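Q: As you go down the protein sequences, you meet chains A and B in turn. First residue of the first sequence? That's 1 in our numbering, and the numbers climb one at a time after it. First residue of the second sequence? That's 99 in our numbering, and the numbers climb one at a time after it.
Take the hints with a grain of salt, since some may be wrong.
[Said to hold, decoys possible] No farther apart than 35 Å at their CA atoms in a straight line, the calculated lysine-lysine pairs in the DSBU-like style are these: (1) A:Lys93 to B:Lys409; (2) B:Lys101 to B:Lys409; (3) B:Lys409 to A:Lys96; (4) B:Lys381 to B:Lys343; (5) B:Lys381 to B:Lys366.
These aren't lab readings, by the way, just hints derived from the structure by calculation. From a predicted model like this one, the values you see are computed outputs, not experimental measurements.
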Amino acid sequence: MTTITISHDDVQHLAQLSNLQLSDDEIAALQVDLGNILGYINQLDELDTEGVEPTYQVIDLENVSREDSVQHHAADREALLRLAPDQADNQIKVPKVL
Amino acid sequence: MTKIADYVGKSAVDNVRGAIEAAKNAENFHALLSLTEERALERAAKVDSGEITGRLAGVPFIAKDNFLTLGGTTTAASRFLESFNAPLQATAVEKLEAEGAICIGKANLDAFAHGGSTENSAFGPTLNSVDTTRVAGGSSGGSAVATALGIVPFTLGTDTGGSIRQPASFNGVIGVKPTYGTVSRYGVVAMASSTDTIGCFTTNTADAELVMDVMAGLDPSDMTTLPDFFELCEAKPNQKIGIIKEFMTDDVDADVRARTSEYVERLKAAGHTVEEVSMPIVKYALAMYYIIVPAEVSSNLARYDGVRYGKRAEGGGLAELYGRSRDEGFVTENKRRIMIGSYVLSSGFFDAYYLKAQKARTLLINRYNELFQDYDALIGPVSPTPAFKLGENTADPVKMYLADVMTVPASLAGLPAISVPAGETAAGLPVGVQLIGKRRSDAQLLALARSLEDAA
Numbered sequence: 001m002t003t004i005t006i007s008h009d010d011v012q013h014l015a016q017l018s019n020l021q022l023s024d025d026e027i028a029a030l031q032v033d034l035g036n037i038l039g040y041i042n043q044l045d046e047l048d049t050e051g052v053e054p055t056y057q058v059i060d061l062e063n064v065s066r067e068d069s070v071q072h073h074a075a076d077r078e079a080l081l082r083l084a085p086d087q088a089d090n091q092i093k094v095p096k097v098l
Numbered sequence: 099m100t101k102i103a104d105y106v107g108k109s110a111v112d113n114v115r116g117a118i119e120a121a122k123n124a125e126n127f128h129a130l131l132s133l134t135e136e137r138a139l140e141r142a143a144k145v146d147s148g149e150i151t152g153r154l155a156g157v158p159f160i161a162k163d164n165f166l167t168l169g170g171t172t173t174a175a176s177r178f179l180e181s182f183n184a185p186l187q188a189t190a191v192e193k194l195e196a197e198g199a200i201c202i203g204k205a206n207l208d209a210f211a212h213g214g215s216t217e218n219s220a221f222g223p224t225l226n227s228v229d230t231t232r233v234a235g236g237s238s239g240g241s242a243v244a245t246a247l248g249i250v251p252f253t254l255g256t257d258t259g260g261s262i263r264q265p266a267s268f269n270g271v272i273g274v275k276p277t278y279g280t281v282s283r284y285g286v287v288a289m290a291s292s293t294d295t296i297g298c299f300t301t302n303t304a305d306a307e308l309v310m311d312v313m314a315g316l317d318p319s320d321m322t323t324l325p326d327f328f329e330l331c332e333a334k335p336n337q338k339i340g341i342i343k344e345f346m347t348d349d350v351d352a353d354v355r356a357r358t359s360e361y362v363e364r365l366k367a368a369g370h371t372v373e374e375v376s377m378p379i380v381k382y383a384l385a386m387y388y389i390i391v392p393a394e395v396s397s398n399l400a401r402y403d404g405v406r407y408g409k410r411a412e413g414g415g416l417a418e419l420y421g422r423s424r425d426e427g428f429v430t431e432n433k434r435r436i437m438i439g440s441y442v443l444s445s446g447f448f449d450a451y452y453l454k455a456q457k458a459r460t461l462l463i464n465r466y467n468e469l470f471q472d473y474d475a476l477i478g479p480v481s482p483t484p485a486f487k488l489g490e491n492t493a494d495p496v497k498m499y500l501a502d503v504m505t506v507p508a509s510l511a512g513l514p515a516i517s518v519p520a521g522e523t524a525a526g527l528p529v530g531v532q533l534i535g536k537r538r539s540d541a542q543l544l545a546l547a548r549s550l551e552d553a554a
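Assemble the whole structure, with the sequences as input and the hints as a guide.
A: Structure representation (structure tokens):
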């Protein structure tokens with residue numbers, strides 16, 4: 001089976017795209033794993049898909065419209081706010097952005 | 099093993115107490131992550147007083163821990179959701195409760211349902227019900243083992259690429275992966291939205307038919323649900339069934355092939371015709387799957403950022419909060435899939451991977467459609483091997499993925515597929531066969547399996 005060479009920087013770039021902060025040990029292991037996985041999925045290159053339409057969903061879904069009205073859900077605002085790790089004044093609190 | 103009929107008409111409180119005792123006695127298998135004893139007993143009392151009635155009144159069940167339920171935590175077997183108390187219940191659970199069923203606890207899984215052995219659970223693996231040195235299968239391993247051990251008569255699972263069928267086959271129970279869209283996914287932790295399905299484990303087909311009949315149907319909260327098409331029926335006589343040649347090669351364990359061939363002989367003895375069919379494209383299905391699913395995973399798991407719910411890593415600014423919460427909350431396999439997804443969706447690679455895989459998916463579906471013009475159903479093994487040893491595949495993710503090679507094709511095409519017990523290997527490990535049908539033929543597949551079960 002073929003493998004693809006994935007560099008330390010490649011993993012770091014993917015981690016950044018994925019919002020993951022990884023340790024150096026994790027990065028080293030992921031270089032090997034991601035290289036092997038990409039090597040495996042690359043075998044799809046052998047398949048001729050010229051002129052074939054892609055499939056994004058399998059049950060012929062169509063858009064459904066409804067009235068633009070308030071829908072009632074099982075969980076109310078208080079219940080959802082209670083789930084937040086930190087909250088104040090009916091809002092979810094996060095560290096300063098700027 | 100138990101069946102639903104053993105519980106109907108009995109004291110619901112006794113049923114629940116018995117199931118909880120059975121769960122505690124089987125703790126060494128680590129099939130369950132939590133029990134919801136208090137809420138279960140409250141509901142049982144209401145069944146016994148006649149306040150709650152229905153087709154499943156007083157019947158205890160267990161949900162995979164990626165179904166949101168009240169009365170306890172929903173963890174998805176992850177550190178991220180370790181102490182998450184859902185504010186609402188999955189539609190599937192609500193529908194079962196509306197018929198009087200009682201959820202007594204939550205089953206172990208690979209974290210966020212990523213895996214095929216339950217070894218990716220952040221809380222430790224589930225052990226196989228027959229041989230505790232072997233894996234339960236996955237990702238719904240805890241649900242399969244809980245049914246096999248007879249803790250409850252049915253359990254719920256999710257199947258995105260084989261996560262119900264494979265553990266069912268590894269533990270000798272029935273596993274149903276329905277047509278995509280049969281059961282609402284609302285309130286179930288999303289993995290890959292274009293192939294995620296909700297199904298069940300039971301010890302016999304009649305119970306599976308009942309549970310699927312209760313759960314199926316439209317849900318305004320899940321726009322991919324189909325109008326209820328699930329109609330209990332009897333198996334059509336003289337069916338034409340295709341056995342998939344590519345799944346009966348020397349790469350497949352000899353005992354698995356032998357049990358599959360015996361099941362084929364039983365189909366023939368029951369008056370059906372079985373012919374060999376070829377699907378050369380299935381060779382590429384696993385590669386398609388491990389492009390499409392990580393792509394959807396990377397999108398679906400973006401929501402776990404430590405802000406609105408779940409685990410939050412403290413210290414630093416917002417970017418560090420995201421990055422560290424995600425590093426601590428996910429297991430390695432979650433990270434692999436998210437990063438592969440980021441890779442195949444990134445600009446420059448999108449056409450070569452994601453678009454290519456979605457085109458290949460069309461070719462796979464086309465081949466199924468051709469076959470279903472001539473055949474009522476397809477048959478093959480569920481997994482190339484019986485349950486493997488704990489730790490055997492954990493070092494090599496690709497080797498672990500290869501265990502899914504026979505289950506992912508039906509998932510990519512949205513087809514119903516059921517895993518049916520077909521005997522054991524020489525070493526006594528369960529083997530399952532897979533019956534696959536065209537979309538919406540779920541009830542017919544179960545009826546076919548039931549007709550052979552009756553004859554056995």
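Q: It remains to establish, for every hint, whether it holds in the given structure.
A: Hint by hint, here is what the structure shows:
1. Restraint check for A:Lys93 and B:Lys409: the C-alpha separation of about 14 Å stays at or below 35 Å, so the hint holds.
2. As the CA atoms of B:Lys101 and B:Lys409 are separated by approximately 39 Å, the hinted pair breaks the 35 Å bound.
3. For the hint pairing B:Lys409 with A:Lys96, the CA-to-CA distance comes to about 19 Å; that is within 35 Å, so the pair holds.
4. Straight-line distance between C-alpha atoms of B:Lys381 and B:Lys343 comes to about 11 Å, which keeps the hinted pair within the 35 Å bound.
5. Taken as a hint, the B:Lys381 and B:Lys366 pair is honoured in the structure, with Cα atoms around 28 Å apart against an allowance of 35 Å.
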